[in-house]
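Participant: Sequence:
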Amino acid sequence: MSALYTFENVVKTYEEGGKTLEILKGVTTSIDEGEQLAIVGASGSGKSTLLHLMGAIDTPTSGSVSFQGRDLATLTPEEQAHFRNRTCGYVFQFHHLLAEFSAEENVAMPGIIAGLPRQEVETAARDMLDRVGLGSKCQSHVTNLSGGERQRVAIARALLLRPKVLLADEPTGNLDEKTGNQVATLLRDLNREFGMTMVIVTHNGDLARSLDRSLELRSGLLL
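If you read the sequence shown in full-length UniProt numbering, its first letter stands for residue 1, the second for the next number, and so on.
Bear in mind the hints are in silico, worked out from the structure with no lab data behind them.
Predicted model, so just to flag it, every value in this text is computed and none were measured.
Think of the CB as a built atom: it goes at the ideal place given N, C-alpha and C, for glycine as much as any other residue.
Any given hint could turn out to be false.
Claimed, not checked - Quick list of the computed label-pair ranges, beta carbon to beta carbon:
| # | residue 1 | residue 2 | range |
| --- | --- | --- | --- |
| 1 | Ser2 | Thr143 | 37 to 45 Å |
| 2 | Asn144 | Gly69 | 40 to 48 Å |
| 3 | Gly135 | Lys178 | 15 to 23 Å |
Input sequences plus hints: build the corresponding full structure.
Facilitator: Spelled out as structure tokens, the structure:
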């Protein structure tokens with residue numbers, strides 16, 4: 001496998017209350033294409049910050065995060081938006097679904113933003129919902145779905161455009177153990193089926209151990 005992401009001495013700081021907070025202190029690592037990677041660590045250790053850098057949502061204070069050899073910080077705003085829409089799928093801990101819309105409409109959103117034909121997008125959304133076991137809930141408003149079902153909708157939305165990378169931030173963090181295990185199994189199955197790279201931030205030890213590799217973020221460094 002070839003390296004998809006390369007981190008070179010990545011430092012990330014924030015200014016807060018007149019003080020400089022150093023979150024990442026020189027992270028150097030690589031992530032292979034098709035890999036299943038868990039990132040673990042204490043709350044506030046910078047795990048979500050790493051995902052934001054990988055998704056071109058944020059940029060390093062110094063150092064570089066490269067995707068297929070290109071420094072993501074050198075992308076134009078338009079290229080960054082395209083990267084987030086077409087190359088990366090993102091699953092948030094709190095799913096961030098639009099409550100006023102149905103499951104199908106939520107899943108279709110990345111395709112609509114990309115300007116794809118509406119009928120094509122709606123068909124793809126229904127197919128993806130069926131793939132995650134929610135084919136019968138396409139027209140259900142997300143407020144009528146369980147926590148596990150909402151997370152499955154979020155996964156379907158993230159994968160609608162078949163991204164190269166799935167970035168998941170505590171995807172089982174708000175679920176009971178049984179439902180969390182079901183979601184974890186679904187993610188691993190989809191990783192194998194679609195051949196994508198998957199990076200999961202998690203406190204779930206069982207989930208972390210079930211993936212190809214696990215890295216711990218401690219004191220601003222990956223171990």
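Participant: Indicate, hint by hint, whether the structure satisfies it.
Facilitator: Hint-by-hint comparison with the structure:
| no. | hint | in the structure |
| --- | --- | --- |
| 1 | Ser2 <-> Thr143: 37 to 45 Å | 43 Å, holds |
| 2 | Asn144 <-> Gly69: 40 to 48 Å | 45 Å, holds |
| 3 | Gly135 <-> Lys178: 15 to 23 Å | 21 Å, holds |
The structure shown violates none of the earlier numbered hints.
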